[in-house]
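Position chain B relative to chain A; hints supplied.
2 protein chains.
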Amino acid sequence: MLAYVLEGRHAALSAHRPRPVMDPAGFVRVRTRIAGICNTDLELIRGYMGFSGVLGHEFVGEALDGALAGRRVVGGINFGCDNCERCDAGDSRHCATRKVLGILGADGVIAEEFLIPERNLVEVPDTVTDVQAVFAEPLAAACEIIEQLGGTTRHRRTLVLGDGKLGLLIAQVLAVHGAEVDLVGHHLDELEWIEDARVNRLARTLPEKATAAYDLVVEATGSASGLAEALRATEPRGTLVLKSTVAGLHEIDLAPIVINEITVLGSRCGRMKSAVELLERTSIMTEPLIDSRRELSEAESAFARAQEKGARKVLLVNP
Amino acid sequence: MLAYVLEGRHAALSAHRPRPVMDPAGFVRVRTRIAGICNTDLELIRGYMGFSGVLGHEFVGEALDGALAGRRVVGGINFGCDNCERCDAGDSRHCATRKVLGILGADGVIAEEFLIPERNLVEVPDTVTDVQAVFAEPLAAACEIIEQLGGTTRHRRTLVLGDGKLGLLIAQVLAVHGAEVDLVGHHLDELEWIEDARVNRLARTLPEKATAAYDLVVEATGSASGLAEALRATEPRGTLVLKSTVAGLHEIDLAPIVINEITVLGSRCGRMKSAVELLERTSIMTEPLIDSRRELSEAESAFARAQEKGARKVLLVNP
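Heads up: the protein sequence lines correspond to chains A and B, in order. Mapping to this note's numbering: the first sequence position 121 is 121, numbers consecutive. Convert by adding 1000 to the 1-based position in the second sequence; the result is the number in this note's numbering.
Hint data in this document are derived by calculation from the structure and do not stem from the laboratory. Watch out, some of these pointers could steer you wrong.
As the list claims (entries may be wrong) - Straight-line Cα separation of at most 27 Å, DSS-like style, residue types lysine-lysine; simulated pairs:
hint, chain 1, residue 1, chain 2, residue 2
1, A, Lys273, A, Lys99
2, B, Lys1099, B, Lys1273
3, A, Lys209, B, Lys1099
4, A, Lys99, B, Lys1209
So here's chain A without its partners, still in its complex pose (with noise of 0.2 Å):
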């Protein structure tokens, strides 16, 4: 079958990858509707994580096995080792061995079939797209601010530093949870439609009057200079939520932290119910998020424009 494949640090359209077979306890094969290019599989490409294998974990596909046979489904990326504390607790995202969807120990999605455990499965509602389920990995990243924070941002002056793909979810999803969210990013001029859904484009670089103006900050501008920029931000007993993975040391004053007693969130994965949940009840808006749709044939192009400055989420549909 057709696979994007990473070997070492060279990743290419393999014509010929075996399919998988439903093997393993528990596992279901997917077939592949479309797939997502997420900045983490570029960041596998440059070495992160030492992966090896079919890349990519934002899908939204049809089950080949299962009770979920025959439906659209999305699907959690942690596989847990199920015999763990954290996995009886049902917290196989922080299991200490598990696996993660085509990032960790396990073929992703950019191929024509997949496998992922069955119970990771969640089943998309028919009146929620193909092209919005898509987006349903990132969005629950989002949603995982939420339940971090006690279910609600009600009335919470919030900022969201970043206005990459990630950034843009989680303004919106902020604001739909209540919160009075502005947004400071490099490409607002783009960004007229995020103030339908109630986020206000306050400026590129953070402002002199935004210094401690937010009880609640989120950072998720993917760079290591970010979090100096959202600890300046942060009110006095404020909080701090971090989404940007910047791996490697980089330079940084904590004291503000312990002198403001800011409390730091790191935030990563979230849940792919509370995901499909919103995109069913709420407008979350997504298609302003794409950049451009492509075969999976097509998949060395759509990994070259993924990699261009500016790119949005550039999609790969097996037809």
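Here is chain B on its own, set in the frame of chain A:
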């Protein structure tokens, strides 16, 4: 009067400092009984905060004016403006224009007398000795952790990194509140007494088995490298309390905060009332933290001793 005064980066005992006059509205005079030398005082001498004036913020004294005149008192060190949102909410510790006793814009306590807002004073019960009460300020900083964690640390697997004065108070306060506390620090050999406070001396450096083993970790090493160790010890979704104020830029890998969804809580000053109550109703040990006692007139040699490696709390007595 006698006072230990910092001018520029030169600190010296003065015999001719004018006695403070009760003038600013709401302030009262306090006669110092005992003052403690804090590491912050040493940092102030090195230029931190650009402070000039009488040093010192740890004290037990006798109120000379106001409702508590003639009584033994300790007191909160932050002087709020009493005219902003923060102060209205009772949190002068985070007032943006606050003064801080002996640290920022207000003369401190290493003198025969000093001024403090009357509302900052807390009376010391008869059952609490002077040499216990002089630890109220750092003890309040330890109590702040309990308040930030919602009032209890019962059954939490806890690691305290750092066996300096603050680390030893924090370890005891957490144990008193029900935590199972392990302590890592460089002077554990001299600390048999801490086991009487139900604190387990784990090791001088963080052992391999401590990786991700604690759901609560307190970083009180006073050094920039402490955070990386603390992150290693914190389990996924655990809480890391950051107590060390280390000025300047430091190299740090922040990815573990995000990947393991760790909550980092910056933690600074606490409420004096909590500290005094703890001294009254529990057996927090302060005596082993004391290095030596000297008279106020010996402030020069006291500061010299306090700057020596391994020195514990040096106390200055106003006879």
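Okay, the hints, checked on the actual structure:
1. Of the pairs offered as hints, the one joining A:Lys273 and A:Lys99 holds, with about 20 Å between alpha carbons and a cut-off of 27 Å not exceeded.
2. Among the hinted pairs, B:Lys1099 with B:Lys1273 is consistent with the structure: their alpha-carbon atoms are about 20 Å apart, no more than 27 Å.
3. Distance restraint check for A:Lys209 and B:Lys1099: the Cα-Cα separation of roughly 23 Å lies within the 27 Å cut-off, and the hinted pair is therefore satisfied.
4. Straight-line distance between C-alpha atoms of A:Lys99 and B:Lys1209 comes to about 22 Å, which keeps the hinted pair within the 27 Å bound.
Checked against the numbered hints given earlier, this structure breaks none of them.
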